[in-house]
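Participant: In this note's numbering, the protein residues as written are 2 to 602.
Hint data in this document are derived by calculation from the structure and do not stem from the laboratory.
Every value quoted in this text rests on a predicted model; they were computed, and no experiment measured them.
Quick reminder that beta carbons are idealized off the backbone N, C-alpha and C, glycines included.
Mixed in with the good hints, there may be bad ones.
Unchecked claim - Calculated lysine-lysine pairs in the DSS-like style (CA-CA distance at most 30 Å, straight line): (1) K489 to K261; (2) K261 to K157; (3) K128 to K261; (4) K128 to K157; (5) K261 to K163; (6) K80 to K128; (7) K160 to K261.
Claimed, not checked - Here are the computed distance ranges between Cβ atoms for each label pair: (8) T3 to D525: 53 to 61 Å; (9) M2 to G278: 52 to 60 Å; (10) I12 to A326: 50 to 58 Å; (11) R601 to R139: 49 to 57 Å; (12) P131 to L247: 42 to 50 Å; (13) K591 to A164: 22 to 30 Å; (14) R308 to A449: 39 to 47 Å; (15) A114 to I4: 33 to 41 Å.
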Amino acid sequence: MTIRQLSETLINQIAAGEVIERPASAAKELIENALDAGATRIEIATAGGGKTLLRVTDNGGGMAPADLELAIRRHCTSKLDKDLTDIRTLGFRGEALPSIGSVARLSLLSRTAEAGEGAEISVNGGKVEPVRPAAANRGTVVEVRDLFFATPARLKFLKSEKAEASAISDVVRRMAIAFPHVRFVLSGSDRTTLEFPATGTDRLARIAQVLGRDFRDNAIEIDAEREGVRLTGFAGVPTFNRGNSLNQFAFVNGRPVQDKLIWSALRAAYAETIPHGRYPVAVLAIDIDPALVDVNVHPAKSDVRFRDPGLVRGLIIGAIREALAREGDRASTTGAAGLMRAFRPEAQRPATPWTPSASPYRPYAPAAAPATSFREQQAGFAEFASPSARSEPTFTPSSVAREEEPPQSHPLGAARAQLHENYIIAQTENGLVIVDQHAAHERLVFEAMRNALHARAVPAQALLIPEIVDLPEDDCDRLVAHADEFAKLGLGIERFGPGAIAVRETPAMLGEMDAAGLIRQLADELAEWDTASGLKAKLEYLAATMACHGSVRSGRRMRPEEMNALLRQMEATPGSGQCNHGRPTYIELKLSDIERLFGRS
Numbered sequence: 002m003t004i005r006q007l008s009e010t011l012i013n014q015i016a017a018g019e020v021i022e023r024p025a026s027a028a029k030e031l032i033e034n035a036l037d038a039g040a041t042r043i044e045i046a047t048a049g050g051g052k053t054l055l056r057v058t059d060n061g062g063g064m065a066p067a068d069l070e071l072a073i074r075r076h077c078t079s080k081l082d083k084d085l086t087d088i089r090t091l092g093f094r095g096e097a098l099p100s101i102g103s104v105a106r107l108s109l110l111s112r113t114a115e116a117g118e119g120a121e122i123s124v125n126g127g128k129v130e131p132v133r134p135a136a137a138n139r140g141t142v143v144e145v146r147d148l149f150f151a152t153p154a155r156l157k158f159l160k161s162e163k164a165e166a167s168a169i170s171d172v173v174r175r176m177a178i179a180f181p182h183v184r185f186v187l188s189g190s191d192r193t194t195l196e197f198p199a200t201g202t203d204r205l206a207r208i209a210q211v212l213g214r215d216f217r218d219n220a221i222e223i224d225a226e227r228e229g230v231r232l233t234g235f236a237g238v239p240t241f242n243r244g245n246s247l248n249q250f251a252f253v254n255g256r257p258v259q260d261k262l263i264w265s266a267l268r269a270a271y272a273e274t275i276p277h278g279r280y281p282v283a284v285l286a287i288d289i290d291p292a293l294v295d296v297n298v299h300p301a302k303s304d305v306r307f308r309d310p311g312l313v314r315g316l317i318i319g320a321i322r323e324a325l326a327r328e329g330d331r332a333s334t335t336g337a338a339g340l341m342r343a344f345r346p347e348a349q350r351p352a353t354p355w356t357p358s359a360s361p362y363r364p365y366a367p368a369a370a371p372a373t374s375f376r377e378q379q380a381g382f383a384e385f386a387s388p389s390a391r392s393e394p395t396f397t398p399s400s401v402a403r404e405e406e407p408p409q410s411h412p413l414g415a416a417r418a419q420l421h422e423n424y425i426i427a428q429t430e431n432g433l434v435i436v437d438q439h440a441a442h443e444r445l446v447f448e449a450m451r452n453a454l455h456a457r458a459v460p461a462q463a464l465l466i467p468e469i470v471d472l473p474e475d476d477c478d479r480l481v482a483h484a485d486e487f488a489k490l491g492l493g494i495e496r497f498g499p500g501a502i503a504v505r506e507t508p509a510m511l512g513e514m515d516a517a518g519l520i521r522q523l524a525d526e527l528a529e530w531d532t533a534s535g536l537k538a539k540l541e542y543l544a545a546t547m548a549c550h551g552s553v554r555s556g557r558r559m560r561p562e563e564m565n566a567l568l569r570q571m572e573a574t575p576g577s578g579q580c581n582h583g584r585p586t587y588i589e590l591k592l593s594d595i596e597r598l599f600g601r602s
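Can you make the complete structure from the sequences, with help from the hints?
Facilitator: The following block contains the structure:
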């Protein structure tokens, strides 16, 4: 077999298979080049989902004619000299433009601020045309037409034009969040114009442009630093969640990334606060020494590798949990918005005609009005519990506000009524709160059980016959290294030869269980994340189930002092804004919203 040197065009086409996977990949590379050139205004135009046309126009520094010739050659770049460990730009490989030119019709039109005229160069399927003078504004215009015309097989693997256009929109949104000082405009015959005006240093304003104004009202600011690694950004309150992960954004040194370690840490930070199948909304930015992160993992540069992944993971989880403990219990504004929408349609529909026979008119007479004391009015809010409910948990009024302190001054206010034996209506200083009594008490019971679970070692039950689990030697090493941690959770293990683990104790709370399956699950977690949270999650899931069955039930009538005691306990308990299943425990309606419903504002 004879070994041959491949042609430059074929080499570029092979490289394009990794760098340019779809039109969105080309858009990403061209936008990164524009940002690295110092652009403050970037306009992107597409047609046919980017397959027919992709044009990126910027007002950056531009390129001289000699630079244009080098720009379309592989591994020619102005962003990297010798040190691959000190990458401070988005691009650095010098592969994007030659890769695009090898599979499409590419043209570059550019002019520097000092030049009197611009220059243009074209590449058609790898064939380079000479540089020629051209009229141009300062900056660069890169136009890509007929993407993958030189490699028709790649066209068959592309999705519909609508899907490809949506992927380009996603790229622009991510770049817009990362660079709030840059104005982005995305237009074309296959889409409506998408524009993000520059917001300067106000990152939250830019995020609100991309994710919607609701995020601004439901976001918690994050700013934490540990051992030279800084985490900033915004995370949504737990009750502000979505059905997919498309509203999760992560950046490392300004570079948008799709890193499984970051997503895993985000998921762990919101554990037990969001229902299964729902995803938090978050924008996280990590600033780290370039020498401590490798962005040269894949030509697409969307994956990164941290030198100390445990430090980064711990920083993300700790910072988000601290932020949620500080502010995460507040109700999502989307709940109030939904409540407002529920009222408005009724007001817009024709009301049921009122007839005197159904409700005879009676003029108000002060003498005939019932005179009741405040205590009698309180009794009307909620009757005493029925005999069948006397065995359920009760609330002591010890935590209720004193008479000299208005109950409304508390964050959750003072109980004023109970509706349908399930919902507590509380009055606050500037509105009202509707509380789901079962969901709220379920969270309180769960937090008490979890605190007790973590305060002492979990009771263990010894196995009459130890269970031997055969595993690879590396898995056994990792499990034994965490044996002390498992022992605190009631799982007793020890080495049984080079390739086996002996399970001698299991948590008593779990009863009869599949010990071998649990050990294998823990081994897989340790191999993947270097942390084993599966056992802890099982114990907390059991505690959540017990809390659900042990909390006050829906349909239980509560006295006013019991309702107020529940409100005070909620205010003192972290995480009480949502139940164990991630549902909100209360909805807050501002007085301004109520007045707007009645047309008073």
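Participant: Decide, hint by hint, whether the structure agrees.
Facilitator: Verification of the supplied hints:
For the given pair, K489 sits about 29 Å from K261 by alpha-carbon distance, which is consistent with the 30 Å threshold. A distance of roughly 29 Å separates the Cα atoms of K261 and K157; the hinted pair therefore holds under the 30 Å criterion. Under the criterion of a C-alpha separation no larger than 30 Å, the hint pairing K128 with K261 is inconsistent with the structure, at around 39 Å. A hinted pair counts as satisfied when its Cα atoms are at most 30 Å apart, and K128 with K157 qualifies at roughly 23 Å.
Pair hint K261 plus K163 holds up; C-alpha atoms about 27 Å apart against a cutoff of 30 Å. Restraint check for K80 and K128: the C-alpha separation of about 25 Å stays at or below 30 Å, so the hint holds. Restraint check for K160 and K261: satisfied, since their Cα atoms lie roughly 24 Å apart, inside the 30 Å limit. Distance hint check for T3 and D525: the Cβ-Cβ separation is about 47 Å, which falls outside the suggested range of 53 to 61 Å.
Separation of M2 from G278 is about 53 Å and conforms to the stated range, judged on CB atoms against 52 to 60 Å. The supplied range of 50 to 58 Å is met by I12 and A326, whose beta-carbon atoms lie about 54 Å from each other. Take R601 and R139: their Cβ atoms lie about 55 Å apart, and the range 49 to 57 Å holds. Here the CB-CB span from P131 to L247 is close to 44 Å, well matched to the stated 42 to 50 Å.
As the Cβ distance of K591 to A164 is approximately 40 Å, the hint placing it in 22 to 30 Å is violated. Checked against the given bound of 39 to 47 Å, the beta carbons of R308 and A449, roughly 40 Å apart, stay inside it. In this structure the supplied range 33 to 41 Å is violated for A114 paired with I4, their Cβ-Cβ distance being about 48 Å.
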